Amino acid sequence: MTQPSILVCGTGIAGLACALGLSRSGLSVDLLGPRHVPSARAADDYHPRVYAISDASRALLDRLGAWRLIDARRITPVEAMEIHGDANGCLDLSAWQDARDALAWIVESGEIERALQQAVQVMGIAWHEDQFAGLITQDTGITVTTAQGRQWQPDLLVGADGARSPVRQAARIHHDYTPYGDMGVVAHLDIERPHQKRAYQWFTGDSVFALLPMPDTADGPQASLVWSLPEGRARDWLALDSQAQQAYLAAHAQSITGGRLGRLRLRTQPQGFPLTLERTAMVAPGVALVGDAAHRVHPLAGQGLNLGLGDVQAMMQVLQARESYRSPGDSRVLARYRRQRAEPVWAMGAVTHGLHRLFGTQCAPLAWARNQGMQVADRLPFLKRQLIRAAAGD
2 MTQPSILVCG
12 TGIAGLACAL
22 GLSRSGLSVD
32 LLGPRHVPSA
42 RAADDYHPRV
52 YAISDASRAL
62 LDRLGAWRLI
72 DARRITPVEA
82 MEIHGDANGC
92 LDLSAWQDAR
102 DALAWIVESG
112 EIERALQQAV
122 QVMGIAWHED
132 QFAGLITQDT
142 GITVTTAQGR
152 QWQPDLLVGA
162 DGARSPVRQA
172 ARIHHDYTPY
182 GDMGVVAHLD
192 IERPHQKRAY
202 QWFTGDSVFA
212 LLPMPDTADG
222 PQASLVWSLP
232 EGRARDWLAL
242 DSQAQQAYLA
252 AHAQSITGGR
262 LGRLRLRTQP
272 QGFPLTLERT
282 AMVAPGVALV
292 GDAAHRVHPL
302 AGQGLNLGLG
312 DVQAMMQVLQ
322 ARESYRSPGD
332 SRVLARYRRQ
342 RAEPVWAMGA
352 VTHGLHRLFG
362 TQCAPLAWAR
372 NQGMQVADRL
382 PFLKRQLIRA
392 AAGD
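End of the sequence shown = 395 in the numbering used here, gap-free, step of one.
In short, the hints are calculated from the structure, not lab data. Computed from a predicted structure; not experimentally measured. Some hints could be false.
[Claimed, not checked] Using 25 Å as the maximum straight-line C-alpha spacing, the simulated SDA-like pairs for lysine to any residue come out as follows:
#, residue 1, residue 2
1, Lys-385, Gln-270
2, Lys-198, Gln-387
3, Lys-385, Val-352
4, Lys-385, Gly-135
5, Lys-198, Pro-35
6, Lys-385, Trp-106
7, Lys-198, Ala-315
8, Lys-385, Pro-78
9, Lys-385, Glu-80
10, Lys-198, Gly-263
11, Lys-198, Glu-344
12, Lys-385, Pro-49
13, Lys-385, Ala-57
14, Lys-198, Arg-333
15, Lys-198, Pro-180
16, Lys-198, Asp-131
17, Lys-385, Thr-277
18, Lys-198, Gly-260
[Said to hold, decoys possible] Per label pair, the in silico range of CB-to-CB distance:
#, residue 1, residue 2, range
19, Asp-207, Arg-333, 21 to 29 Å
20, Gln-318, Asp-220, 39 to 47 Å
21, Gln-244, Asp-207, 24 to 32 Å
Ideal placement from N, C-alpha and C gives every residue a C-beta, glycine not left out.
Please model the complete structure; the sequences and the hints are all you need to start from.
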């Protein structure tokens, strides 16, 4: 069997994008993992998980040939965003403040996966429907074994296999794990008032309540809910029947949003996932991590997937710029990749963790200061432009 130069383990968004990017860079790439094809959805039926795609991520997906494969009717540009503190603080950001068409684009995870899978097929990338089983590291290189007994000796193994990454564990890459004790709950909602392509976020002290604009349906406008709240409360809510879940949402949403988008009704069954802050060393001999295998941050900034696609972009750049005599898995090449991602990953983790702690503290003077800070920031156009550019990945 011809040995791939690079073996990407993981067939989610990060793995598919990584395989596409490296293949388009002229490298020999194989994919290892299950082939899960997202089910086709009717016009008014949407995948439960959505992402806010930054300008930098949209540009990358476009270069990979995937963005144009997503049905434009299922993409919603975010033209403005309101961020509300737990008192009177409010920060209003608009795309026009930095001469942009949009702050971000809301896209279903399943639609992104479907487009990437089609692009992988067009590129003819070999896809092995098998599971990673083990890793042997020797002076001569690495050997990857699979559940079906296959063996590969790639120059580089990319771990894009999620937050519980077996590749990370097998490579013994250092992993810091900090649970927040919170859960993120997602669901699609029917909303009474048009969202006008505006996203909303409310910090309540012990939770973060966000509404993201979605395409209108035959029933009217809709939004995607991302609600980060204490794990106990989240599990209690998820355990209720559908009628009681709706009553719980209605009671809390009114007090949180002040009826900003009118009455909110559950369109889909809420789903929850634990929230953590995770960092890793990102590389080991012959191994590099991307996406959730490499890091996880609090979803309050909506930057988790964008951070993973930033890994893909950095890996493409580093491998393209390497000396001709160095293999993709050369230790110096991997060190460059780690250095290039160190600051963006640390900065995003620091910002989201800091905001979570800042708004989770109920000290009265601190509460006053953080809300006053939001009011001051809202009056500074230069600061707003910087915030918009940072969120866009510039």
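Hints versus structure:
1. Lys-385 / Gln-270: violated (36 Å)
2. Lys-198 / Gln-387: Roughly 21 Å separates the two Cα atoms, so the pair holds.
3. Lys-385 / Val-352: Holds, because 16 Å separates the two Cα atoms, which is no more than 25 Å.
4. Lys-385 / Gly-135: violated (48 Å)
5. Lys-198 / Pro-35: The hint is violated at about 36 Å.
6. Lys-385 / Trp-106: holds (19 Å)
7. Lys-198 / Ala-315: With a Cα-Cα distance of about 31 Å, the restraint between Lys-198 and Ala-315 is violated, given a limit of 25 Å.
8. Lys-385 / Pro-78: holds (19 Å)
9. Lys-385 / Glu-80: holds (14 Å)
10. Lys-198 / Gly-263: At roughly 15 Å apart (the allowed maximum being 25 Å), Gly-263 and Lys-198 satisfy the hint.
11. Lys-198 / Glu-344: Violated, because 32 Å separates the two Cα atoms, which is more than 25 Å.
12. Lys-385 / Pro-49: violated (31 Å)
13. Lys-385 / Ala-57: holds (18 Å)
14. Lys-198 / Arg-333: violated (45 Å)
15. Lys-198 / Pro-180: Violated, because 33 Å separates the two Cα atoms, which is more than 25 Å.
16. Lys-198 / Asp-131: violated (41 Å)
17. Lys-385 / Thr-277: violated (28 Å)
18. Lys-198 / Gly-260: holds (17 Å)
19. Asp-207 / Arg-333: 21 to 29 Å: Since Asp-207 and Arg-333 have Cβ atoms about 46 Å apart, the given range 21 to 29 Å is violated.
20. Gln-318 / Asp-220: 39 to 47 Å: Holds: the Cβ-Cβ distance is about 45 Å, inside 39 to 47 Å.
21. Gln-244 / Asp-207: 24 to 32 Å: Holds, at about 25 Å.
In this structure, the hints that do not hold are numbers 1, 4, 5, 7, 11, 12, 14, 15, 16, 17, 19, in rising order.
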